[in-house]
Amino acid sequence: MFAVVSVNATIHGTRTAYRRAAPLALQSAGDLYPGPVFHYHIPVELDGKVCTGALVEVPFGPQPAQGLVIALSDRSPVPDTKPVARLLSGEPVLSERQVDLGLWLSEYYLAPLIDCLRLMLPPGLLRRPRTVFRLHPDVAVPSSLPAAQQQVIDLVGRYGALSRAQIARRLGVQPARRAVRSLTRRGILVPGSELPAPRVQPKRVNFVRLTASPPQVEAMRPSLGRPSKQAQLLQALLDDGDPLPPTDRLLEVAETSMATVHALAGRGWIEVVPRRVLVLPLPDAADVDLKHAPKQRAVLEYLRAQSMPVEELALRTQTGASTSTLRALEGKRLLRRLEEPSAVLLRLSGQETRDRVIDLRGAGRQHRVLDYLLARPAGEWVWVSWVYAETDCRLEDLRVLEGFGLVDLAEREVWRDPLLERTFVLDTPPRLTPDQERVWAEIEPALRQLGAGRGGRSFLLHGVTGSGKTEIYMRAVDATLAQGRQAIVLVPEISLTPQAIRRFAARFPKGIGVIHSGLSDGERYDTWRRIRAGHIQLVIGPRSALFAPLENIGLIVLDEEHDSSYKQSDVMPTYHTRRVAQQIAAAQGAVVLLGSATPDLSTFYHAHETGTIQLLRLPQRILRHRLDVGSTQDPQRPQEVRYRSLGPDYEDALAADLPPVRVVDMRHELRAGNRSIFSRALQQEMKRVLAEGEQTILFLNRRGASTFVMCRDCGTVIRCPRCEVALTFHLKDEQLVCHHCRYQRSVPEACPVCQSHRIKYFGLGTQRVEKAVHELLPAARVIRWDRDTARSSSSHQALLDRFTQHQADVLVGTQMIAKGLDLPLVTLVGVISADTALNLPDFRAAERTFQLLAQVSGRAGRSSRGGQAIVQTYAPEHYAIQAAAGHDYAAFYARERAFRHQLGYPPFARLARLVYSDPDPAHCRQQARDLSQLLNDAIRRGSLEQVALIGPAPCFLVRLRGRWRWQIIVRAPPLPQASSIPAGEDPLHKLLRSTALPPGWRLDVDPLDML
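Numbering (this note's numbering) for the sequence shown: 1 to 1011.
Keep in mind that the hints were calculated from the coordinates and are not lab data.
Heads up, some of the hints might be wrong.
Quick list of in silico lysine-lysine cross-link-like pairs, DSSO-like style, CA-CA up to 27 angstroms [said to hold, decoys possible]:
| id | residue 1 | residue 2 |
| --- | --- | --- |
| 1 | Lys291 | Lys49 |
| 2 | Lys203 | Lys510 |
| 3 | Lys82 | Lys49 |
| 4 | Lys567 | Lys990 |
| 5 | Lys291 | Lys332 |
| 6 | Lys567 | Lys510 |
| 7 | Lys687 | Lys771 |
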């Protein structure tokens, strides 16, 4: 039996060459696999254990490698095969469904199979082999070596084998490199390959529980801690029933000396009662006549006058009697001398004494642990970190208590759950509006009827901003979970995940998980395992959440489906989430629910014209933030115009007009003498909104303070030396920054070309807008939300919480704030410059501008306070801006569709983008021309006249990270249906499979980024 394995290793050669050769060379039992894949025979010891989806170790050339089994076969296309070395997973890490999806991804996006399968595994599980160094067993180590080399010898000798990085952590990078190179050259160190363990493992932590009963605990307390003579003496005093025990007895019981007694007395904790002799008269003394012994008579008279025994010393002082006098009376049996030994008096209370004993023994932490565990439910296992926090103890203290038999310690596995510490306020579903009822009547039967083997269904929910799309999503999730199936809800950005989690967890508090790249590797690994174990039924996150290992998917929701973030363009495979979701739905019999106020034009085309996606509409904005309408009503906008009743049965909701959008021609502002970045209308409204205690959003899709810095004498623009783009000035650090490669430099004092000092800052970014707001509204509290201020999911959440809790009055941000935020106090949205992306050399520029303007305008007026948007532009007549101002998607679609149809752009064509980059501009240009010739030859050979090439031409961003860039666009007829699975015979795939791409080319099928 053979395992067909996709190997996690770098394959030398071209990806396209392997794609072309693999289906021919690796045919097995009639199956064709996109390559590269390799056959390994299964050894006897692994027979029956290796299965599809298993993670295995295989020999790959001279080194070991990890691989994923994609199939089993009873034959191999080559006669000599290597064995599977070992099984790395107790159970398959991929299901057969996931393997099938990986094969489809590799076929459709022409990507290496291992890169497609990697999408479905948590980061850190797949590892590449690394080079490690060992001591040569037969080479003697010289007695005198430089210090760094000797240190390397010692380290490798201690640990057996170390990588260069591990050695560098001890010695530093340069010393380690030199020492390892020298020792390897001399044969003392031998390099070899090693497959490291997965970077992520299940997290195991210590738990503790109390095993002794309370009486047993109290009995053992005195034994805790280190030996202490003083503690022993205090404990003996506590245990002795006599309030004034003799010193000798205490010393014997406590096994100590008088030095200990004096030490405690010096601390004031005890008092030493010295030895004394008491004298008392005997009964016969009353009848004795001692007139001839006056001294003896005086003693007896004094004693008879006392009511209690008298100390001998006091008696002698008072009577002047000598020792011989007292002994004479004692001899006549007229008095008795009683000797009391030295004693100890405890001057502390019982609790104070116990505390001193604990302190003297150094057992305070151990006693606090016992007190803490005694207060917990009997037998409860407690995480030791909690015990550490509550008692300030250490693991060694718990080990001591375990040795006394008082507690049990155990290591147990725990989940790293990013939602563990969060609490959610539960809500109840509101009544659906009539529009929502009509939409739900179409979706609900599909959810009920579909299932595995029944194909999938796609719906486009075209609803204006604030129309209640999220409620439809939640109803669909509820219906899906009720049928025992699973759901995925996708949002375009990590920044939207906290809000989505809060809203869905309020309805579905159990079985919900989140996946995104902002989580730690451990959190993502444990979430992956919890999903596989069946603990999670609803997954929320950006595009990576689509590959969660759910095996019974009934629903996939793409909120803001038009967003370009759903396309992966930077690494292979260059998949689009919408396309993959439709493929998953087709395989599992699931529903894909696409929601947007501004749908992708291709999506709307297939919904509106081809019918491959069912179109549903929510045309009315619904207000559920029921503030006091009467008190917040603007007299300029009568209430009956802005708000409409949904009927007598809908008292909790109102229909509302979308916020009015005012387009301001900034050319007129300049002619009127306004040099501010804010138009006069925007300034006036910002002041009014602040005075009324409401909030403003200012949108500008550009970070930094200035777009570029230029010499006013010669026109030189300060550019990135690696990317050929203008550097952006950042006010906070006073640095020029490249937003592509992160290159930074200070602003030059003089022009590097003409040495002029007339350096001018042009354009504006979010930092400059923030500064301008402070100048215009000194009392305003301003938050800036862009990639500079929000680099993690927690920072996104913190910024959103501050704004929603009205801890800020103005939010300045980039496209992050244009998506899906529901902020009821926002009554004004200002778009600083609507022209930012309008004139880019990209056929989607108008569509993106329309979508951004419509989306960000929709953040205003989401409560009964109403709202408005002000759009500043130098091109007010452009159809994208006009349509966005009128909330008129239909008008925009008609104009844009005609433009696309005329020029042959999607949805009326399919595109693939080929990009080549090289440090040498001439070589880059020649490679582009050579590939263009190869593709044209392939078009002629394959009779693919319907395929056309655009280019080769330099990319708009002609140089990035020190590499020059050229591109070729391949244009081919569209697929017959948006959701069909290509059989590999469509012209685009036929051309690309028939052409071996030289190294250095990147392929993007169905590209969104054309720059």
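Given the proposed pairing of Lys567 with Lys990, does the C-alpha separation stay at or below 27 angstroms?
holds (23 angstroms)
Against the 27 angstroms threshold, does the CA-CA distance of Lys687 and Lys771 hold or violate the hint?
holds (16 angstroms)
For the pair we were handed, Lys291 and Lys332, check the Cα-Cα distance against 27 angstroms.
Within the cut-off at roughly 15 angstroms; holds.
Regarding the pair Lys567 and Lys510, is the alpha-carbon distance no greater than 27 angstroms?
violated (30 angstroms)
Holds or violated: Lys203 and Lys510, Cα atoms, limit 27 angstroms.
Since the Cα atoms of Lys203 and Lys510 sit roughly 22 angstroms apart, the hinted pair holds (cutoff 27 angstroms).
Satisfaction of hint between Lys49 and Lys82, Cα-Cα up to 27 angstroms:
Distance of about 17 angstroms is within 27 angstroms: holds.
Given the hint that Lys291 pairs with Lys49, test it: the Cα-Cα distance must not exceed 27 angstroms.
violated (119 angstroms)
The structure fails hints 1 and 6 (numbered hints given earlier, in ascending order).
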